[in-house]
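Participant: Sequence:
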Amino acid sequence: MAKFTNTGNKDTRSGFGAGLLEFGRENKNAVALTADLKGSVKMGDFAKEFPERFFQCGIAEANMIDIAAGLSLNGKIPFASTFAIFATGRVYDQVRQSVAYSDTNVKICASHAGITLGEDGATHQILEDIGLMRMLPNMTVINPCDYNQTKAATISAGKHIGPVYLRFGRPGVPNFTPENQTFEIGKAIKMIDGKDVSIFATGHLVWEALQAADKLEKDNISAEVIDIATIKPLDYDAVLASVKKTSAVVTAEEHFIAGGLGELISGFLAGHYLAPVEYVAIADKFGQSGTPDELMRAYGLDAEHIVAAAKRAVGRKK
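Those letters in the sequence shown? Residues 409 to 726, by our numbering.
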């Protein structure tokens, strides 16, 4: 089994900041917008180096999205960033009309996503954002797993023509994917080859899936772990190839079951290859205040719960 080493916990929002700065140096049309959260979304270095290309929009997220759309129509590549709860829930009308429907080249960069936002509690822990964004025509949805992958995904998002929703988080998490990697939008990444169960994980759950695979190996269960960093467009070929080999599925995500990766994969498999699917995700309930680690355990988003789900999926095979 392939082994992955945590080179040190780093927050994925800082990966976004590093990627934005690098892309900004490569492309003079890159501009950055935020809604009074320059420090929180790690736009400070970009703003310092390119002050004429940085726009502080204040606490007016809807206006920020419309400004970004207007800038894109004039040849700019806008990265509009705020907390995920504000980047989707608060401004859904503007995202739908000015970005997705109008097919503008706007990159919506959403920090503090999911339950790992932590102590700020349920009002700020958006768990439906992937569903909201992937339902929009023209929208690409990316949910990278660590600092290195977020940096690479940010650069690829800038080079992509069309609307992008890029999701990342607040806490320090294991950094384990290659440094200076190339991120290919729409391509699933096989982390571990296996034959008994396919674990499709996204975002912070990829590291947990890798830990689960180690635990499953000790119980003679061979788990294939696939990083679904791009949720839309989903790499259907990779999903089908893996499931045809293992005939058992676990999906793992920091999101509601409704509208998330698990529903997307199971809906696809219903029409192509029937196999038992187990979800590691959040059921129909809001978050609460707590540390990220406490909340991940409390809501069943850790390696132990992935192990249990994998055993259930394998046990349901015909």
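Hints are computed from structural coordinates only; laboratory data are not their basis.
All values derive from a computational prediction rather than experimental measurement.
A couple of the hints might just be wrong.
Straight-line alpha carbon distances no greater than 27 Å define the calculated DSSO-like cross-link-like pairs of lysine-lysine that follow [unchecked claim]:
{"id": "1", "residue 1": "Lys418", "residue 2": "Lys595"}
{"id": "2", "residue 1": "Lys598", "residue 2": "Lys652"}
{"id": "3", "residue 1": "Lys652", "residue 2": "Lys719"}
Computed Cβ-Cβ distance ranges for the label pairs, DEER-style [said to hold, decoys possible]:
{"id": "4", "residue 1": "Glu434", "residue 2": "Lys598", "range": "22 to 32 Å"}
{"id": "5", "residue 1": "Asn628", "residue 2": "Lys436", "range": "53 to 63 Å"}
{"id": "6", "residue 1": "Glu434", "residue 2": "Lys626", "range": "40 to 50 Å"}
{"id": "7", "residue 1": "Ala678", "residue 2": "Glu527", "range": "12 to 22 Å"}
Beta carbons: idealized from backbone N, C-alpha and C, even for Gly.
Participant: With reference to the structure, classify each hint as holding or not holding.
Facilitator: Status of the hints after comparison with the structure:
{"no.": "1", "hint": "Lys418 with Lys595", "verdict": "holds (24 Å)"}
{"no.": "2", "hint": "Lys598 with Lys652", "verdict": "holds (15 Å)"}
{"no.": "3", "hint": "Lys652 with Lys719", "verdict": "holds (18 Å)"}
{"no.": "4", "hint": "Glu434 with Lys598: 22 to 32 Å", "verdict": "holds (29 Å)"}
{"no.": "5", "hint": "Asn628 with Lys436: 53 to 63 Å", "verdict": "holds (56 Å)"}
{"no.": "6", "hint": "Glu434 with Lys626: 40 to 50 Å", "verdict": "holds (45 Å)"}
{"no.": "7", "hint": "Ala678 with Glu527: 12 to 22 Å", "verdict": "violated (39 Å)"}
Hint check: a violation occurs at hint 7 only; the rest are consistent with the structure.
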